[in-house]
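Since the structure of chain A is already known, use the hints to place chain B on it.
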Amino acid sequence: MSDMITNWVPGDDVMVETAIRRGASRRDLLKMMLANGVALAAGGAILGRADRAIAATPVRGGALKAAGWSTSTADTLDPAKASLSTDYVRCCSFYNRLTVLDKSGAPQMELAESIESKDAQTWTVTLRKGVTFHDGKPLTADDVIFSLKRHLDGAVGSKVAKIAAQMTGFKAVDKTTVEITLASPNADLPTILALHHFMIVADGTTDFSKGNGTGAFVRELFEPGVRSVGVRNRNYWKAGPNLDSFEFLAITEDNARVNALLSGDIQLAAAVNPRSIRLIEGKTGFELSKSTAGNYTDLNIRLDMAPGNKKDFVDGMKYLVNREQIVKSALRGFGIAGNDQPVSPANLFHNADLKPKAFDPEKAKFLFQKAGVLGQTIPVVASEAAGSSIDMALIIQAAGAEIGMKLDIQRVPSDGYWNNYWLKAPIHFGNINPRPTPDILFSLLYASEAPWNESKFKSEKFDKMLVEARGLLDPTRRKQIYNDMQVMIAEEAGTIIPAYISSVDAITSRLKGLEANPLGGMMGYAFAEHVWLEA
Amino acid sequence: MRKRIASLVLGRLVIALITAIIVSFVVFFATALLPGDTASILLGQAATPEAVEGLRKAMHLDDPAIFRFLRWILGLLQGDLGTSYANNMPVARLIGGRLVNTLKLAGLTAIISVPLALTLGITAAMLRGTLYDRSVTIATIGIVSVPEFMIATLAVLLFAVYLQWLPAVSFTNEIKSLYDFARTYTMPVVTLTVGVSAQMIRMSRAAVVETLSTPYVEMALLKGASRPRLVLRHALPNALGPIVNAVALSLSYLLGGVIIVETIFNYPGIAKLMVDAVATRDLPLIQTCTIIFCLGYLALITTADIIAILSNPRLR
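Which chain is which? The protein sequence lines are A and B, in order.
Per this note's numbering, the first sequence starts with residue 648, numbered consecutively.
Per this note's numbering, the second sequence starts with residue 161, numbered consecutively.
Looking at chain B on its own, in the form it has when it is part of the complex:
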């Protein structure tokens, strides 16, 4: 069993490495296809051919793109993430603080949304067909259908503009007490929780409902197992596989896909950094962000698979 998990993790690591390399090549070619380069974009309306030529030379953008890419890969292998084209700052310094911000937001959202969603999903499945189940289902479908920017904007209008309880935008550098922390994070975290929970609630309810209708659960019922024992001990371990995968997918979205929430709350996270990087064709920054997203995604999926295997004897 241990051995099996060890070999699984090892195999996954190798696949992760290969995936990361492939992704970074794809991103490289996609970036190369975008019109314009950093020099012409930075110069904007002042981009005369001579000016672009001069700046390109100074920024070493006149080397063939593939060389610059390979140089970046070489640097990466030595632990150097490279230097941003747009402002000449080390990529590590640009990403550092913002990655921490993103992880904080994602972590908080996960801590709140995962237990909440699983509880609601599983209890809804247990009480299938009751008023409770229907209310949860209607609420989650309703929330899935409302786009995030709408929830965020309405929350800002209500809590920041009219009631003035919470700040409309996040000033993460001014957090000095737990109270400041709560004020800053409440709205972004609630908005994200609402968004990601709905998906997890639907998935966990569906998975548990399905296992509850299998013959072995009926058997357990006939032998006299109590309802909680029936669900938690008999049904859940078999339903866990799809549930943890749904959770992993939802959480990977929190790592790189929260551009809307970051924009509305002016939260300095990594998604906005990546959009900036693409807008200025800043190759080292784009690549580093992509690798981070890619690794985060793979880590979550691998964790989900391991949990699924541990919980289900048939998969061992």
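Chain A extracted, bound-state conformation:
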């Protein structure tokens, strides 16, 4: 009897595993399942399955073929120029960073043995000893300085030139010690150095297509727009990798990528869209791996023009958004309900006490009446460009119609959306990629002078807190400030963030060891050196 569950889909397995990884107890899980209508005895069987998936021991050997979703002749192995998931995956397999983020979002040391600072402005990086590049050259302080300093050179075209600009001084203290000076204190440096762009390359490298790094795989083949193949680095300074070889290509067509997985040609298909998920659910031998890094699509109400200049209207909209339904229908279960602020649950500084606002049409109606907007027709701009925004808009529109609030959904084309509508229309949708620290998110999106201040939120108090928290080395005090800032955004800004969107990778069941990571799908793109293939 216990195995006779008819409504159980691989998506639910993912949910259980995700909950276990986040530290849910057996009791929590059973409660969660009962809420979803799964019998207790059956619940036990499923938990056993999820536990096994996490606790298995690695197997050495095997060739892995994995496919991402974007590729072009602009593919690069130059970490500074890396711009798409495909580049990140390749860079992670050939190079290492000074630090990496673990699954809780905390920085851990990789090529650095330690990163220390007394004032958050002058940082001392001590490098691991005995690390060599693929060409045999040992890793030294000069390589690190070269790798970091090149982001400041405009001719390199670095994607993180803006973030790197705060690093103003570099000094090689000895062969394995580097001193980095910042323009102003920033306690986040260890997290910033975990960005994929700050991979360490050999001093003086000009031809990056060789992929000469210290990473788990040695480049054997790299054809931009086609594929890359790496073989196990026999001199790797870590214990791994488990795989003998790792091939990465991109299949841009969504269905073709899923079909290639189902036919056994590849073992991992990254970023499967919700429609294709149904093709994989219910098929034995395949699994879904979900990670919620913090990408979100938000509804932006500009506070500097009508109707967003009436606070009651903005508050009313926040109650009109049925977050649970958006997760269930618009995202087909692959998301986490959000609480109108950009720091996702994957982040160390996420304010867990700030609960998503409950769907309350009556309260919304009362607030709309107070603002005097009930009965007016209010335009909302949505587009395919901001993922799932059209579905979200329709859900909000339907809820509005129930209480007599007319929302006119203006569906506009993707092409040119970001230049013509985003940040411009009075009420529109945006889409924001995950960023590793609250400081980067707030500086980019909510500071008074932020370039992408989506709702034109302005607060002097907020700006002051931002600068204060940045230089604080005391984690408790920082967390407190960031918690307060998240509350300010949720209550005062005009950005409604109904959900954090999960990315779903589909894998064959033989592929083990894949975990969620706050830097993005495919284990923060660094899965290749961690996973293994079961025979």
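It should be emphasised that the hints constitute simulated quantities derived from the structure, not laboratory data.
Do not take every clue at face value.
Claimed, not checked - What the simulated footprint calls covered on chain A by chain B, stretch by stretch (three residues with Cβ under 8 Å from a Cβ of chain B suffice, anywhere in the stretch; the number is not a length):
1. 797–804
2. 899–905
3. 908–918
Unchecked claim - Each computed DMTMM-like pair below joins lysine to aspartate or glutamate, with the alpha-carbon atoms no more than 20 Å apart:
4. A:K958 <-> A:E1107
5. A:K809 <-> B:E210
6. A:K885 <-> A:E1162
7. A:K857 <-> A:E867
8. A:K796 <-> B:E210
9. A:K776 <-> A:D850
10. A:K809 <-> B:E213
11. A:K796 <-> B:E213
12. B:K336 <-> A:E867
13. A:K1017 <-> A:D959
14. A:K822 <-> A:E763
15. A:K1111 <-> A:D1121
16. A:K1108 <-> A:D1131
17. B:K217 <-> A:D800
18. A:K818 <-> A:D800
19. A:K1111 <-> A:E1139
20. A:K822 <-> A:D782
21. A:K1111 <-> A:D766
As the list claims (entries may be wrong) - Counterexamples of contact, computed for chain B against chain A with all Cβ distances above 12 Å:
22. V174
23. T179
24. I182
25. D240
26. A270
27. M286
28. V350
29. V369
30. T374
31. V377
32. L392
Since the structure is predicted, the reported quantities are computational estimates derived from the model, not experimental observations.
Just so it is clear, CB atoms sit at the ideal spot from N, CA and C, and this is done for glycine as well.
Showing chain B alone in chain A's frame:
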């Protein structure tokens, strides 16, 4: 006769050269009209004005576009196809392998589809009005109406996902035996064959039917020529002109227009390369691809014309 063909080919070569130059100018201006340049596209979300300026300088994109274009033409005359803006690799190296892939796919498809289509088209015309003719006609019209991506997707679902006989995507670098070769190429070639054959079948049937109704064919019939002789010896030479032109047009499509098949089977051919090049505004790569397509097209059309002239005494 020889002289005439020689002068025709020579004339065509001159026209081809002029066409290629005009096309490359048109493509150049069209590319210049596209919003953004390689520097801003490569930087994407990180494209602050200073960053774009710096990268533009480093890539020499700050020279006037027309200079860059003329420099590329000068290089071309010396046999240098230039360097890709997007990844700094020589264009010749980027195109090389992929052009070979495209030629392989196009060649295989041509070898299968041309004889198949001509046989079906001509026999259908010979047996006009019979059940055979009607079945061929209905089948070809049906196939012409079904888009390529549909045929390809259905084939993948059936042969790769359910039956697991063939790979869903092409791994052209792993071909080690004839068996691998057949497995990799079967689905793309069949999909393309179905697409291009239908057109050729319709054209060849129509052309032969038309000549069969002319008085001189009736004359041949009256003098007692057998049916095969009537069609092959009397009607076909006169129908060959339109047929080879239809074949040439279909084959030129195989050179540059198979983006859908390349995408669905993840086949690394030249059509996808050209789309990438346009997406990153990579002028040298766009230009080289265009010139290749243009020359391929002209070569096929010229060949078709020569065949038409050779087969038809009135055109000599």
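Outcome, coverage hint (the stretch 908–918 of chain A, chain B; C-beta under 8 Å; three residues): holds (count 5)
Minimum Cβ distance from D240 of chain B to chain A greater than 12 Å, as the annotation requires: Check passes; 18 Å lies beyond 12 Å.
20 Å limit on alpha-carbon distance, applied to hinted pair K776 of chain A and D850 of chain A: 17 Å, holds
No chain A beta carbon within 12 Å of V377 of chain B's: 49 Å, holds
Hint consistency between K1111 of chain A and E1139 of chain A [alpha-carbon to alpha-carbon, up to 20 Å]: Holds - the C-alpha atoms of E1139 of chain A and K1111 of chain A are around 16 Å apart, at most 20 Å.
Claimed clearance of chain A by L392 of chain B, with the beta carbon kept past 12 Å: 44 Å, holds
Agreement of K958 of chain A and E1107 of chain A with the hint, judged by alpha carbon distance not exceeding 20 Å: Holds, because 18 Å separates the two Cα atoms, which is no more than 20 Å.
Pair hint K796 of chain A and E213 of chain B, alpha-carbon separation not exceeding 20 Å: Given that 20 Å is the threshold and the Cα spacing comes to 19 Å, the pair holds.
Given pair status - E1162 of chain A, K885 of chain A, alpha carbons within 20 Å: 19 Å, holds
Status of V369 of chain B, Cβ more than 12 Å from any chain A Cβ: Check passes; 40 Å lies beyond 12 Å.
Outcome, coverage hint (the stretch 899–905 of chain A, chain B; C-beta under 8 Å; three residues): Held - the stretch 899–905 of chain A has 4 residues with a Cβ nearer than 8 Å to chain B, which meets the minimum of three.
Proposed proximity, D1131 of chain A with K1108 of chain A (alpha carbon, max 20 Å): Holds. K1108 of chain A to D1131 of chain A sits at ~11 Å (cutoff 20 Å).
No hint from the list above goes unmet by this structure.
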